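Asker: Guided by the hints, dock chain B with the ligands onto chain A, whose structure is given.
In order, the protein sequences belong to chains A and B.
According to this note's numbering, the stretch in the first sequence is residues 1 to 132, in order.
According to this note's numbering, the stretch in the second sequence is residues 1 to 289, in order.
Among these hints, one or two may not hold up.
Claimed, not checked - Heads up, simulated DSS-like pairs for lysine-lysine below, C-alpha to C-alpha not over 25 angstroms straight-line: (1) B:35 x B:69; (2) B:140 x B:279; (3) B:241 x A:112; (4) B:25 x B:279; (5) A:112 x B:207; (6) A:112 x B:17; (7) B:25 x B:207; (8) B:17 x B:140; (9) B:207 x B:248; (10) B:69 x B:102; (11) A:63 x A:13; (12) B:279 x B:241; (13) B:248 x B:283; (14) A:109 x B:35; (15) B:241 x A:109.
To be verified - These stretches of chain B come out as covered by chain A in the derived footprint (C-beta under 8 angstroms, 3 or more residues): (16) 8–18; (17) 191–199; (18) 207–220.
These aren't lab readings, by the way, just hints derived from the structure by calculation.
This one's a predicted model, so the numbers in the text were calculated from it and none came from an experiment.
For every residue, glycine included, the Cβ atom is placed at its ideal position computed from N, Cα and C.
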Amino acid sequence: MLPNLRSNEELLKEIENLSGQRIIDCYQCGECTAGCPVAFAMEPVPNQAIRLLQLGYIDEVLKSSGIWLCASCNVCGERCPRGVDYGKIADALRTINLRNNNYPLVLEKIDKEFINQAPQQAFIAAFRKLTT
Amino acid sequence: MITLAYYPGCTLYTKGKNLDIAARKSAELLGVELKELESWNCCGAIYSPVTDDIASQVAPIRNLIEAQKISRKLVTLCAACYNVLKRANRNLFLPENYQYRKRLLNYLEESYDGSTETIHYLEMLRDIVGFENLKTHVQKHLTSLRVAAYYGCLMVRPSEELMFDNPDNPTVMEEMFLALGASPVNYAFKTECCGGYIVVNQPEVAKRCAQTILENIANAGAECIATTCPLCQYSLDNQQKVMSKEYKLPVFYFTQLLALSIGISPELLNFDNHYIDPKPLLKEKGLLL
Ligand code: SF4
Ligand code: SF4
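Next up, chain A with everything else stripped away, as it sits in the complex:
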């Protein structure tokens, strides 16, 4: 369950607090999305997600699949001319979901052969970012 009893303003404040970012600072240049290695599969892409937040569509972004696709590669934050780090915003959005027991990773679905071959580091990072 998402915390839909809370007002949009409260949620936005929480996102800003958890991420340490100011949503309003983004001026939609698109640099973050241009550099994002997974933008081709993301919905919404980073600058769109921020725009939706600016317009108050918080729930839409919280429930979107795009926030879970971020690989935490830090390109968006590194290059943003306005000092906004979307990777941190995505982490805040995930954290709100995780704290409400919402997450996408289904352990049973992970391929057995993959488990034998992939480095531990991949699982530890994925479990931290995609489960509680």
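Answerer: Structure of chain B with the ligands alone, referenced to chain A:
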């Protein structure tokens, strides 16, 4: 012989052992004793930037405290460990994080003032061993080996926190390869993300990230790739299995090529433990019998 604290991290005893063994052997030959922390725990593998997430910072800070028993500098090899340990320390000791710091340090048995400096093995080679000195240790020049030095994300970004090298065009690994006589190639995507941990639940997306990089490296005329991270190595090597196009690009850890060049026995370097077999290339270059 200088002694430095060494942190292997969760993957280097098993799936990343090709990175670890070659690094320890090479350091020894180059006059550095890497002393593994007596008691260490996984750093968490990925940094948590969430401002109220104190729990995730306990593990990295514990390792930094442990390192103090050996030396002021702590050497890491895995790009992810480097990223997590260095950022955890830097951010905890920002003046504005005073309250946060106090709360976190309350969880720990020992006091800590933030003075452990995390360095990457490549920085150790550059600043402590020295590339000029490294040249004098070379037994087999990697002559004409066209290698793509691949950094990925975690070594270089966020640059403000890591201050490792230029975040778009780092060159320290190329400098090492030049010292070993190799010919590093210039290419565009040396700090592009391999897809990282999303390979766990979005393998198709991660595959495309890796393929973009491989395509770029192949077009730049490289014969092989060198990485600093077990997950990058896995993504670029093993995922060639599932790609529509055959690249046949061997993916080494930079330490394997270093070790080979300074005369460490190839038997110790696990060249069998790769998806794309690197032995034909090494034989062609006269680096392997
Ligand atoms: S790069 Fe920064 S300013 Fe530009 S769209 Fe992205 S977040 Fe907004
Ligand atoms: S940190 Fe996430 S959103 Fe930002 S560029 Fe990397 S993958 Fe894209």
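Asker: Now look at each hint and say whether the structure bears it out.
Answerer: Here's how the hints hold up against the structure:
For the given pair, residue 35 (chain B) sits about 10 angstroms from residue 69 (chain B) by alpha-carbon distance, which is consistent with the 25 angstroms threshold. Using a Cα cut-off of 25 angstroms, the hinted pair residue 140 (chain B) and residue 279 (chain B) holds, with the two alpha carbons roughly 15 angstroms apart. Taken as a hint, the residue 241 (chain B) and residue 112 (chain A) pair is honoured in the structure, with Cα atoms around 16 angstroms apart against an allowance of 25 angstroms. For the hint pairing residue 25 (chain B) with residue 279 (chain B), the CA-to-CA distance comes to about 20 angstroms; that is within 25 angstroms, so the pair holds.
Straight-line distance between C-alpha atoms of residue 112 (chain A) and residue 207 (chain B) comes to about 18 angstroms, which keeps the hinted pair within the 25 angstroms bound. Note on residue 112 (chain A) and residue 17 (chain B): the hinted pairing holds, with a Cα-Cα distance of about 21 angstroms set against a maximum of 25 angstroms. With a C-alpha separation of about 33 angstroms, the suggested pairing of residue 25 (chain B) with residue 207 (chain B) is violated against the 25 angstroms cut-off. A distance of roughly 23 angstroms separates the Cα atoms of residue 17 (chain B) and residue 140 (chain B); the hinted pair therefore holds under the 25 angstroms criterion.
The straight-line distance between the Cα atoms of residue 207 (chain B) and residue 248 (chain B) is roughly 16 angstroms, inside the 25 angstroms bound, and the hint therefore holds. This hinted pair checks out: residue 69 (chain B) and residue 102 (chain B) have alpha carbons roughly 22 angstroms apart, not beyond 25 angstroms. Taking the CA atoms of residue 63 (chain A) and residue 13 (chain A), the gap is about 17 angstroms. The hint holds against a cut of 25 angstroms. The straight-line distance between the Cα atoms of residue 279 (chain B) and residue 241 (chain B) is roughly 18 angstroms, inside the 25 angstroms bound, and the hint therefore holds.
Using a Cα cut-off of 25 angstroms, the hinted pair residue 248 (chain B) and residue 283 (chain B) holds, with the two alpha carbons roughly 15 angstroms apart. Proposed proximity of residue 109 (chain A) and residue 35 (chain B) is contradicted: the alpha carbons are some 40 angstroms apart, above 25 angstroms. Distance restraint check for residue 241 (chain B) and residue 109 (chain A): the Cα-Cα separation of roughly 20 angstroms lies within the 25 angstroms cut-off, and the hinted pair is therefore satisfied. With 6 residues bearing a CB less than 8 angstroms from a CB of chain A, the segment 8–18 of chain B meets the requirement of three and the coverage assertion stands.
Given as covered by chain A, the segment 191–199 of chain B passes the check, having 7 residues with a CB less than 8 angstroms from a CB of that chain where 3 are the minimum. A stretch counts as covered by a chain when three or more of its residues have a beta carbon under 8 angstroms from one of that chain; for the segment 207–220 of chain B and chain A the count is 3, and the coverage holds.
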